[in-house]
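Chemist: Line by line, the protein sequences give chains A and B. Counting along the first sequence from 1, when you hit position 115 you're at 115 in UniProt numbering, and nothing is skipped either side. Counting along the second sequence from 1, when you hit position 300 you're at 300 in UniProt numbering, and nothing is skipped either side.
It should be emphasised that the hints constitute simulated quantities derived from the structure, not laboratory data. Some hints could be false.
Covered by chain A, according to a simulated footprint, are these stretches of chain B (three or more residues, beta-carbon under 8 Å) [stated by the list, open to error]:
1. 58-72
2. 290-298
A few chain B positions that, by computed beta-carbon distances, are all more than 10 Å from chain A [said to hold, decoys possible]:
3. GLU48
4. PRO51
5. ALA108
6. VAL154
7. PRO171
8. GLU211
9. GLN218
10. GLU223
11. SER228
12. VAL281
Keeping only pairs whose Cα atoms sit at most 30 Å apart, straight-line, the calculated DSSO-like set for lysine-lysine is [as the list claims (entries may be wrong)]:
13. B:LYS217 - B:LYS329
14. B:LYS314 - B:LYS132
15. B:LYS278 - A:LYS234
16. A:LYS262 - A:LYS193
17. B:LYS234 - B:LYS262
18. B:LYS262 - B:LYS236
19. A:LYS291 - B:LYS302
20. B:LYS278 - A:LYS278
21. A:LYS236 - B:LYS278
22. A:LYS308 - B:LYS215
23. B:LYS278 - B:LYS139
24. B:LYS213 - B:LYS327
25. A:LYS262 - A:LYS215
26. A:LYS132 - A:LYS302
27. B:LYS234 - B:LYS213
28. A:LYS215 - A:LYS350
29. B:LYS278 - A:LYS291
30. A:LYS234 - A:LYS213
31. A:LYS262 - B:LYS262
32. A:LYS234 - B:LYS302
33. B:LYS291 - A:LYS314
34. A:LYS291 - B:LYS262
35. B:LYS262 - A:LYS278
36. A:LYS302 - A:LYS314
37. B:LYS139 - A:LYS278
38. A:LYS262 - B:LYS291
39. B:LYS139 - B:LYS109
40. A:LYS193 - A:LYS291
These figures come from a predicted structure and were not determined experimentally. The beta-carbon is built from N, C-alpha and C at its ideal position, and this holds for glycine as well.
Each chain, written out:
Protein chains: 2
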Amino acid sequence: MMAPRSRLLSPALQILRRRCFSSLVSPASKAVLYDEQGAPEQVLRVAELPPANLGERDVCVRMLAAPINPSDINRIEGVYPVRPPLPRAIGGCEGVGQVHALGSAVTAKLSPGDWVIPSPATFGTWQTYIVKDENMWHKVRSDVPMEYAATVTVNPLTALRMLQDFVQLNPGDAIVQNGATSMVGQCVIQLAKVLGIHTINIIRDRTGSEEAKDKLKQLGADEVFTESQLDIRKVKSLLGALPEPALGFNCVGGNAASLLLKFLRHGGTMVTYGGMSKRPVTAPTSYFIFKDISLRGFWLQKWINAEKAEDCRKMIDYLLDLVHEGKLKYEMESIPFGEFSLGLEKALGKHGSQPKQVVRF
Amino acid sequence: MMAPRSRLLSPALQILRRRCFSSLVSPASKAVLYDEQGAPEQVLRVAELPPANLGERDVCVRMLAAPINPSDINRIEGVYPVRPPLPRAIGGCEGVGQVHALGSAVTAKLSPGDWVIPSPATFGTWQTYIVKDENMWHKVRSDVPMEYAATVTVNPLTALRMLQDFVQLNPGDAIVQNGATSMVGQCVIQLAKVLGIHTINIIRDRTGSEEAKDKLKQLGADEVFTESQLDIRKVKSLLGALPEPALGFNCVGGNAASLLLKFLRHGGTMVTYGGMSKRPVTAPTSYFIFKDISLRGFWLQKWINAEKAEDCRKMIDYLLDLVHEGKLKYEMESIPFGEFSLGLEKALGKHGSQPKQVVRF
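Work the whole structure out from these sequences, hints included.
Modeler: Laid out in structure tokens, this is it:
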């Protein structure tokens with residue numbers, strides 16, 4: 001076990017240090033952590049972390065809320081390419097908190113009580129107090145539901161980037177996506193609508209798919225089809241007056257990706273950002289040669305790593321403004337920290353299809 | 001049957017016309033043509049075409065040689081997106097001929113005996129005489145074997161464009177391709193070598209694959225693997241000192257495409273230009289998301305249509321210069337026009353693996 005430097009001091013010296021720099025020590029933190037990779041319900045545990053020293057540029061944040069994202073689960077399982085070092089890795093990658101204390105030389109315009117998010121999203125948001133350099137925190141508006149501030153940096157940002165990074169879209173254009181009920185999917189529909197772009201949406205066949213269609217249409221979806229509706233020869237005949245889409249978003253793979261490809265216009269691009277079916281993407285060679293279709297991929301982490309922190313923050317502000325204006329919403333369920341295990345089970349799909357689980361600390 | 005205007009005249013008037021404009025009528029032409037789509041060996045027939053009038057800007061060319069390309073066969077079968085109108089469609093799309101006669105107002109620097117090729121490649125090269133506007137003809141050097149001049153505009157040009165259009169390659173870089181024994185494959189190896197670019201080549205397992213490997217290495221291939229050699233966990237361990245390729249060319253699909261993808265470096269691009277196995281391309285979603293792999297397509301016809309005739313001709317000259325310098329060669333078999341049926345059978349693969357069939361008129 002790696003101990004923070006303060007814990008290497010003798011108890012007496014620790015007390016002395018705390019007295020001398022009393023404003024520079026965080027409260028003890030309660031965290032959800034893991035020492036080895038594996039099934040989250042088996043390897044995760046709640047642990048008390050001792051108070052941490054604040055460097056002069058550090059900000060101590062009392063966390064308010066943090067979601068359980070699929071990528072958090074993949075990191076714990078060890079199937080994600082980027083993972084925190086073990087042991088004592090704290091779960092979670094995004095969230096919102098309130099400034100609790102500031103190091104003596106913090107220059108950012110931050111006051112106790114301000115809402116901040118780690119930006120870029122970073123490891124270890126499933127805990128009650130976090131101490132990190134001021135540059136890691138981005139102040140956000142606090143007049144939106146905290147669940148939105150807690151979840152804005154991963155899924156809504158993915159939706160926004162994908163609409164901007166691959167094809168020049170103009171008002172009146174259309175895009176097509178599968179996995180449309182996912183959080184990214186819901187955001188794509190609404191962000192496209194703000195831009196005047198039509199959406200063609202593909203969802204799974206399941207009990208309640210008619211209700212799911214209605215919900216997506218209320219968010220602004222132009223068309224919503226279940227996969228079985230697309231088992232026809234000419235799916236484009238379903239487009240009606242909508243233009244053929246130049247861009248598609250795939251988070252499923254397998255048949256749902258093949259159906260999406262059928263909608264794309266000549267020269268169109270399909271961007272894969274997830275693989276929920278765990279099946280690969282398959283495309284006939286003629287699509288590449290004669291239809292000039294391109295298949296690409298999107299990974300938020302890579303974009304974030306490309307030193308775009310400032311862009312990232314501007315987009316986060318934009319997204320929270322849309323939330324405030326009522327133009328961006330998605331289903332979430334708040335769970336108290338004490339019921340983390342139940343939230344985890346729901347996030348793992350053990351209670352059927354559930355909204356995004358957001359832990360409130 | 002659509003008849004050229006001259007054939008609508010009465011025989012007496014035709015004779016009169018020929019006498020008045022004796023230099024403006026082509027010799028009768030013998031052509032391989034078809035009236036309906038279908039299996040080439042069933043629908044193709046040899047027919048005599050009456051003399052054609054030369055307009056004042058027309059050039060009459062006596063064809064010397066023309067290949068039987070897979071895309072020619074696909075056009076006849078009706079499975080190619082661009083096809084000549086029926087009935088009386090003449091086969092073939094590229095070839096070389098000798099200037100036979102010039103219209104009175106031709107401005108191009110052409111003299112009888114010059115070698116010319118239709119550029120861009122166009123329908124109807126399987127005939128002994130062709131009359132077309134001077135702009136359709138590109139004069140080429142006549143000090144190379146005529147089979148090369150006859151075949152330069154489709155396969156070698158495809159290889160050259162694909163090396164230039166997708167990824168910025170620098171000397172020392174590597175590319176990977178499957179179907180490496182194909183004519184495009186052989187050209188890719190040699191053109192890459194001229195540019196100082198290494199090639200990793202994948203070929204089918206078959207009798208004679210060791211000889212095929214030797215032949216490709218003699219052309220300049222750095223590595224040649226049969227598909228079965230790549231049935232290992234870490235294909236990249238086979239790269240040795242070669243860099244991971246940023247670009248791959250796929251003309252097979254199916255397993256051969258999957259094997260190619262395993263070689264690509266992070267951010268790499270696979271370009272599909274053929275589908276010899278008639279199987280689709282399959283890729284795990286993780287390749288797109290975490291490896292940032294792009295799948296694209298190339299179709300020469302589209303590039304040609306993009307008004308790049310001048311670029312096209314410069315590249316044809318460059319390629320024939322390489323042929324003249326002994327830096328570009330590939331296997332071909334000449335067949336006399338009288339044995340067209342045998343050449344067609346070979347091109348259709350009915351006599352096993354055969355070199356490119358080039359008809360000499």
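Chemist: Decide, hint by hint, whether the structure agrees.
Modeler: We went through each hint and held it up to the structure:
Proximity of the region 58-72 of chain B to chain A, defined as three or more residues with a beta carbon under 8 Å from a beta carbon of that chain, is not established by the 0 residues found. Coverage of the region 290-298 of chain B by chain A holds in this model, with 9 residues showing a Cβ closer than 8 Å to a Cβ of that chain against a need of three. Residue placement check: B:GLU48 keeps its beta carbon more than 10 Å from all beta carbons of chain A (closest about 35 Å). Taking the minimum C-beta to C-beta distance to chain A, about 37 Å, the non-interface status of B:PRO51 holds against the 10 Å cut.
The beta carbon of B:ALA108 is kept farther than 10 Å from every beta carbon of chain A, the shortest such distance being approximately 33 Å. Against chain A, the non-interface label of B:VAL154 holds: every CB pair exceeds 10 Å, the least being about 14 Å. Under the 10 Å C-beta cut-off, the non-interface status given to B:PRO171 relative to chain A holds; the minimum distance is some 27 Å. For B:GLU211, the non-interface assignment is confirmed: its Cβ lies about 28 Å from the closest Cβ of chain A, beyond the 10 Å cut-off.
Residue-level check passed: B:GLN218 sits 29 Å from the nearest beta carbon of chain A, beyond 10 Å. With a least CB separation of 24 Å from chain A, B:GLU223 remains clear of the 10 Å interface cut-off, as annotated. For B:SER228, the condition that its CB be more than 10 Å from all CB atoms of chain A holds, with the nearest at approximately 22 Å. A beta-carbon of chain A comes within 10 Å of the beta-carbon of B:VAL281; the shortest separation is about 5 Å.
For the suggested pair B:LYS217 and B:LYS329, the alpha carbons sit about 13 Å apart, so the restraint of at most 30 Å is met. Between B:LYS314 and B:LYS132 the CA atoms are separated by roughly 21 Å; this keeps the pair inside 30 Å, and the hint holds. For the hint linking B:LYS278 to A:LYS234, the alpha-carbon distance of about 21 Å falls within 30 Å, and the restraint holds. Only pairs whose Cα atoms come within 30 Å are accepted, and A:LYS262 paired with A:LYS193 is accepted, the gap being roughly 23 Å.
Between B:LYS234 and B:LYS262 the CA atoms are separated by roughly 8 Å; this keeps the pair inside 30 Å, and the hint holds. A distance of roughly 8 Å separates the Cα atoms of B:LYS262 and B:LYS236; the hinted pair therefore holds under the 30 Å criterion. For the suggested pair A:LYS291 and B:LYS302, the alpha carbons sit about 10 Å apart, so the restraint of at most 30 Å is met. In summary, the hint linking B:LYS278 to A:LYS278 is supported, as the alpha carbons are separated by about 24 Å, within the 30 Å threshold.
Taking the CA atoms of A:LYS236 and B:LYS278, the gap is about 24 Å. The hint holds against a cut of 30 Å. A C-alpha spacing of about 49 Å is found between A:LYS308 and B:LYS215, which places the hinted pair above 30 Å, so the restraint is violated. With a C-alpha separation of about 37 Å, the suggested pairing of B:LYS278 with B:LYS139 is violated against the 30 Å cut-off. For the hint pairing B:LYS213 with B:LYS327, the CA-to-CA distance comes to about 19 Å; that is within 30 Å, so the pair holds.
Distance restraint check for A:LYS262 and A:LYS215: the Cα-Cα separation of roughly 25 Å lies within the 30 Å cut-off, and the hinted pair is therefore satisfied. Taking the CA atoms of A:LYS132 and A:LYS302, the gap is near 22 Å; set against the 30 Å cutoff, the hint holds. With a C-alpha separation of about 21 Å, the suggested pair B:LYS234 and B:LYS213 falls inside the 30 Å cut-off, and the hint holds. A C-alpha spacing of about 23 Å is found between A:LYS215 and A:LYS350, which places the hinted pair at or below 30 Å, so the restraint holds.
With a C-alpha separation of about 16 Å, the suggested pairing of B:LYS278 with A:LYS291 holds against the 30 Å cut-off. The suggested pairing of A:LYS234 with A:LYS213 holds, with an alpha-carbon distance near 21 Å, which does not exceed 30 Å. Of the pairs offered as hints, the one joining A:LYS262 and B:LYS262 holds, with about 26 Å between alpha carbons and a cut-off of 30 Å not exceeded. Annotation: proposed proximity of A:LYS234 to B:LYS302 holds, straight-line Cα distance about 24 Å (limit 30 Å).
The hinted pair formed by B:LYS291 and A:LYS314 meets the criterion: a straight-line CA distance of about 27 Å does not exceed 30 Å. For the hint pairing A:LYS291 with B:LYS262, the CA-to-CA distance comes to about 25 Å; that is within 30 Å, so the pair holds. Distance hint between B:LYS262 and A:LYS278 is fulfilled; the C-alpha atoms sit about 18 Å from each other, no more than 30 Å. As the CA atoms of A:LYS302 and A:LYS314 are separated by approximately 18 Å, the hinted pair is consistent with the 30 Å bound.
Between B:LYS139 and A:LYS278, the direct Cα distance comes to roughly 55 Å. Violation of the 30 Å bound is thereby established for this hinted pair. With a C-alpha separation of about 25 Å, the suggested pair A:LYS262 and B:LYS291 falls inside the 30 Å cut-off, and the hint holds. A threshold of 30 Å between alpha carbons decides the hint, and for B:LYS139 with B:LYS109 the separation of about 9 Å falls inside it, so the pair holds. For the hint linking A:LYS193 to A:LYS291, the alpha-carbon distance of about 27 Å falls within 30 Å, and the restraint holds.
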